[in-house]
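Colleague: Okay, here's what each chain looks like letter by letter:
There are 2 protein chains.
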Amino acid sequence: MPAGGSRITLKESNLKKATERVAFQGEKGAFSQEAVRKLLGERAEVIPCQRFEDVFLRLKEKEATAAVVPIENTLAGSVHENYDHLLAYDFEIRAETNVRINHHLIAPPGVRFRDIRQVYSHPVALNQCLRFFNENPQIERVPFYDTAGSVRMVMTEKRKDAAAIGSAVAAEIYGAHIVRRSLEDDRRNFTRFFLLRRPDYPKRERCASARNVEWKTTLVFSTRNTPGSLFRALSAFALRDVNLTKIESRPLRGRPWEYLFYVDFMGRVDEERVRNALGHLRELADFMRVLGCYPKGC
Amino acid sequence: MPAGGSRITLKESNLKKATERVAFQGEKGAFSQEAVRKLLGERAEVIPCQRFEDVFLRLKEKEATAAVVPIENTLAGSVHENYDHLLAYDFEIRAETNVRINHHLIAPPGVRFRDIRQVYSHPVALNQCLRFFNENPQIERVPFYDTAGSVRMVMTEKRKDAAAIGSAVAAEIYGAHIVRRSLEDDRRNFTRFFLLRRPDYPKRERCASARNVEWKTTLVFSTRNTPGSLFRALSAFALRDVNLTKIESRPLRGRPWEYLFYVDFMGRVDEERVRNALGHLRELADFMRVLGCYPKGC
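Protein chains in written order, with the numbering used here: chain A, 1 to 298; chain B, 1 to 298.
Just so you know, these hints were derived from the structure itself, not from any lab.
It is possible that part of the hints are untrue.
A pair counts as met if it fits within one copy or between any two copies, since identical chains are not told apart.
Stated by the list, open to error - No farther apart than 30 Å at their CA atoms in a straight line, the calculated lysine-lysine pairs in the DSSO-like style are these:
| # | residue 1 | residue 2 |
| --- | --- | --- |
| 1 | K296 | K246 |
| 2 | K38 | K160 |
| 3 | K38 | K62 |
| 4 | K216 | K246 |
| 5 | K38 | K216 |
| 6 | K62 | K203 |
| 7 | K158 | K62 |
| 8 | K160 | K28 |
| 9 | K160 | K60 |
In isolation and in its complexed conformation, chain A is listed as follows (with noise of 0.2 Å):
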């Protein structure tokens, strides 16, 4: 939540805790809440959901005004099945947020370190904080479902010799204590969220801290792999010095050399020489669809 949370009168709060209930995959406290709270603030009502499938159905039944989905790690690359859900889905992205990973070690208040004999977590997060428990082997790594059904678990049943690897959401959320800090081997670990809408909610969101938004956009397309067609492709934006941040190519599982291209790159649909790029690379593709134009991830 901005600054600004605290200024919102009782009645104001009940009203947007009753108007924004956001999908999202996992349990509450993983890591895709701590994007929700960056993208629409704490009071945010949350549904989670098991699928990343259950995250759309949810928005597409209205059963959620919003949803956020991870995109891409930096350790792990794109999340394909997310791209998948957005192309068969018909909604748009509406913002980004880049959430650090961070590996806390997270137990029932008053377990102190020492007493810890065994640490639950999802295997990935365990796996990625591999220096901690070699430098401590006392401690028995055992593996759970989720990383914040982890911390839940060591909260109701009031484990006094054990800990769970998870978010500070999570801890927060649970009323658990953060033990020991970021266990995570690696601190190059980011996570890219999407927030989804339908097309027909209204267009508001801003980058609360920031005044001279840069907005992105992302979109897909296809071409037949001849060769030089990904780069008259890109010529749409080349010759326009619309700059792109990234692109990414996926083969068309049963159409041998068909790809869709990911890509995203810096500017608004409305400014003349972007609708210019779009209008070109339409003649280019075979396919291609806008997903969404927003303002730059803070």
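Once you have looked at the hints, place chain B on chain A.
Modeller: For chain B alone, coordinates are given in the frame of chain A:
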């Protein structure tokens, strides 16, 4: 192993066994071991490693003659960590292969489907089989470290009421049986693996089944992100009809507006048009390195 494997005499087989030691990440029976078999046959001795970095270290320290690492998955995207290691270590990609990720239900011999009350596996595998669990609510999902490790556990503990989800190789290695095949929700789940060698290792890998092998080359380059810089870099390929099969950008952390690009193209580095393209790209890029030139994978 190609069909000709059975003609290898005992002495040759022992020699081969003695000379090929292949490092991979995961337990014995991991999907990486399926890739090892496709690339080097069943007789290669395997060196299971905890982390990807350990795999590269085993090859560097000559404990392994080869390393096999996943580089991208059709659902989960590129494994950036392994691209980072490819840049940090001086190895060559000598072959590639694509492994279909099939999640089988695996139990000790004699265990019938109706006996099964718990299914162990890595949470990522469990989450890729949600339809099966929804249709079988009597079965509890239990997270475990590793797909292959869960197969080993149900076997060593001789569980009568439990199964694991893992690969066919894991079932075979641990003497378990496959109770049900292919539980995965999405059949489009493939992982591409690279076979890596130290540069001094003789170049002799060939795709066993193909005589007229097509060749691919993988390289990494960086440019300053001025508008059109990628377009200019790609002109090196387009002007010589060199056909790209993959392109992916990755922002360089700590160096704003600089990007790494991963590119694959069809062609051998000793073809004249490819030599010319690489020479031209060297002029245009800040940095460029060929990671390998290898037969297109089967």
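Colleague: The structure should be examined with respect to each hint, and the outcome stated for every one.
Modeller: A quick look at each hint next to the structure:
1. K296 / K246: For K296 and K246, both the intra-copy (13 Å) and inter-copy (26 Å) Cα distances are at most 30 Å.
2. K38 / K160: Intra 33 Å, inter 48 Å, cutoff 30 Å: neither.
3. K38 / K62: within (22 Å within a copy, 47 Å between copies)
4. K216 / K246: both (11 Å within a copy, 23 Å between copies)
5. K38 / K216: Cα proximity of K38 and K216: one copy only (18 Å, versus 43 Å across).
6. K62 / K203: Answer is within; shortest intra-copy Cα gap is 17 Å, inter-copy 58 Å.
7. K158 / K62: neither (37 Å within a copy, 48 Å between copies)
8. K160 / K28: Answer is within: at 23 Å inside a copy they meet the 30 Å cutoff, but 35 Å across does not.
9. K160 / K60: neither (43 Å within a copy, 43 Å between copies)
Hints 2, 7 and 9 from the list above are not met by this structure, while the remaining hints are.
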